[in-house]
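Could you slot chain F onto chain H? The hints should help.
From first to last, the protein sequence lines stand for chains H and F.
Per our numbering, the very first residue in the first sequence carries number 1; after that it's consecutive.
Per our numbering, the very first residue in the second sequence carries number 180; after that it's consecutive.
Note that these hints are calculated values from the structure, not bench results.
The beta-carbon is built from N, C-alpha and C at its ideal position, and this holds for glycine as well.
Wrong hints could be hidden among the right ones.
Derived DSBU-like pairs: lysine-lysine, alpha-carbon spacing no greater than 30 Å straight-line [what the hints assert, rightly or not]:
#: 1; chain 1: H; residue 1: K156; chain 2: F; residue 2: K596
#: 2; chain 1: F; residue 1: K620; chain 2: F; residue 2: K714
#: 3; chain 1: F; residue 1: K596; chain 2: H; residue 2: K104
#: 4; chain 1: H; residue 1: K76; chain 2: F; residue 2: K681
#: 5; chain 1: F; residue 1: K443; chain 2: F; residue 2: K714
#: 6; chain 1: F; residue 1: K603; chain 2: H; residue 2: K66
Part of the chain F face toward chain H, derived, beta carbon under 8 Å [said to hold, decoys possible]:
#: 7; residue: Q368
#: 8; residue: S369
#: 9; residue: N414
#: 10; residue: R415
#: 11; residue: D535
#: 12; residue: D539
#: 13; residue: G544
#: 14; residue: G592
#: 15; residue: L595
Spelled out, the chains give:
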Amino acid sequence: MQRRSALKSLAVTFGGLVSLPAWASSWTPDSVGPVSLVSFDEETLLGEIVETFIPETSTPGAKSLKVHQFALRMIKDCYGESAQTTLQQGLALTETTAQQAYSKAFAACDAPQRLDVLSRMVASTDPAGKPFVDLAKRLTIQGYTNSEYYLVNVQKFTMAPGFYHGCVPVSKLAVNGTK
Amino acid sequence: MSFLNIDSAKERTFDAIVVGSGISGGWAAKELTGKGLRTLVLERGRDVKHVTDYPTTMMQPWEFQHGGQLTKEYRDANPIASRCYANREDANHFFVKDAEHPYVQEKPFDWIRGYQVGGKSLMWARGTQRWSQYDFEGPARDGFAVEWPIGYADIAPWYSYVEKFAGISGNKDGLPQLPDGEFLPPHEQSCVEKHFTEQMAKHYNGTRPIIIGRCAHLTKPQPIHLQQGRGQCQNRSLCQRGCPYGGYFSSNSSTLPWAAKTGKLTLRPDSVVHSIIFDEKKNKATGVRVIDAHTKEMTEYYAKIIFVNAACLNTNLVLLNSKSNRFPNGLGNDNGLLGKYVAFHNFRTGISAEHDGFQDTTTEGIRPNSSYIPRFRNVFKQETTGPGSRFLRGYAAGFGSSRATDVDTSGMGEDLKNSLMQPKYGNWRVSSHMMGETIPKESNFVALDSSLTDAWGIPQLKISVAYDDNDEKMIRDFHEQMSEMLTVSGFKNIQTHDNPNKAPGLDIHEMGGVRMGKDPKTSLLNKWNQFHTCKNVFVTDGACMTSTSTQNPSLTFMAITARAANHAVEELRKGNL
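Next up, chain H with everything else stripped away, as it sits in the complex (with noise of 0.2 Å):
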């Protein structure tokens, strides 16, 4: 939401110039396609980081979005080498970080290991730790909320509204509604 909220400030920054729709950006797994940045082992457990992000509940959770091909899609294309760089070794210090607390992989951890695994990388002294975290969250807050099942079922997107009224009642509207 950060991003969208930054989007929705350069919108109305540019006023008359430019109105970005808060949803300019948006992404689903076909457009993303094939990316080859990591192994098949390591794109299974960015996988699963993303999901401890932002769970499957009643609702679809990240990893079934594909939110980490996105996460990889960017950081290939639109991010720098030491982006790269931070995300071959956050990778490897989860596991690290997963065997030393509970001496198992990251991924045969429970919801509440896995939390506490990305909470002691946020706190390691290793420089590949916290800024891994940082960068696995928000590009998964970014993926998840501008993909299709989120704009269509929460933010309620339609392309083209053919109107625009200026003043309405919040309780005629779910919040985000048609926006």
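Just chain F, lined up with the frame of chain H:
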């Protein structure tokens, strides 16, 4: 000079040539073909056909690979183009890459270009406010640049003429400093914008009106728009991709297809104009030299009249490169002023704030527009006391608002997800950006580089344009006045922002270099946009502007072009050209 001519000279001869197919070139094409002239339109970029060449226009937001962002590879290779607000993943294909047309920045200047049929009319921001008499009278009253050879009364009927055809949405506000036009229904202001408007009326006794912006959107298409094949704006606000409905005005959706329907239009994309051909015996221009963008072969095209609408700085480039024995320093450049007195709009700064009232209201739908604050400084006279007396001219400003949604992203796991799935309304947020008038000066100029050339063998343009002290004073006044205006209206968390490193150019409102004026000694063009010394060449894009005022300039380019084209055809029929 020898040429590889496939076709005969006769086949390369037209009644009129228009250089450029953007917002003013499109209007020249429409007017000239509409009056029966066989017209060649030359566009240096590729063809972009309405609808079929808008590849991203129907893409859902989630269909973009990078969530709308530009890739690092692109940003690293194109630091200039990447800085343009509209250049994102969905419209990236309409922006010229830095390496494709290099130029020399004697001072930092971000030159944003759209080389394609339609030019920047595809990606423009669509603000269309008229100038008033106070804008045209500015240079003479305040003693800068030179006097405009035309006034509001000269241009007013042509504003009406182009507004009816283009389709301009707006409210009749009755302001002398921002005359009303031929309006389609206006967009609505939000609750908070209405509140701000009311507070301003109260606190400043009507001297600082706030209005809904006037913009080139078909809020209620008229028969003339339907005849163009255009329809109702769908409030998508995805304009920079090209609009399949023709909901906003562009050359591609409006003037060019209209010109084509006359059967008089020849549109030639991939045609880089090298220079204007001047015939000393006839003492007028006879045509243009064109380099094929791909084969690099040069061909000449001939016509009785030539409209140069290549976009401000490229128009300067073409004219500076049009050297002859008669004009060794560029076409019509006897006084050495060609390329000088370039000005722009100062878009460097802005302000944002929040309002914690109106909590039970929000907006619904999408508005491709915002509110607008007409210039209130030094409008009817130069202020002699107080802050406004510290600088010449003034600034307008955009003013937008939205009801923010706040999400707590501090957590992880189910806490984070719950927060994301149930966004809460935050405060109303407003934001405004300054649009400052800059004073045209001889020291802000463009010239041909003496050694560097581009891929077509044409000298590179050297740009030497910068802010001055007047601009800095205006920025400070904008901060002070807007802070006061927001404070008295109950806004909180008021934050100004200014980036002194933001170079001129990103406003994409560059103007001048081939200015109009009354005196051939101090200007290049007369009141009909003809060169004083080469009457069959007309310049009607931003390059012709004597001063810049504060309004978005495209509507004025359209009106000036239609007016000049009408005059050109009259003069042609009288045998004067």
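Numbered hints the structure breaks, given as an ascending list: 11
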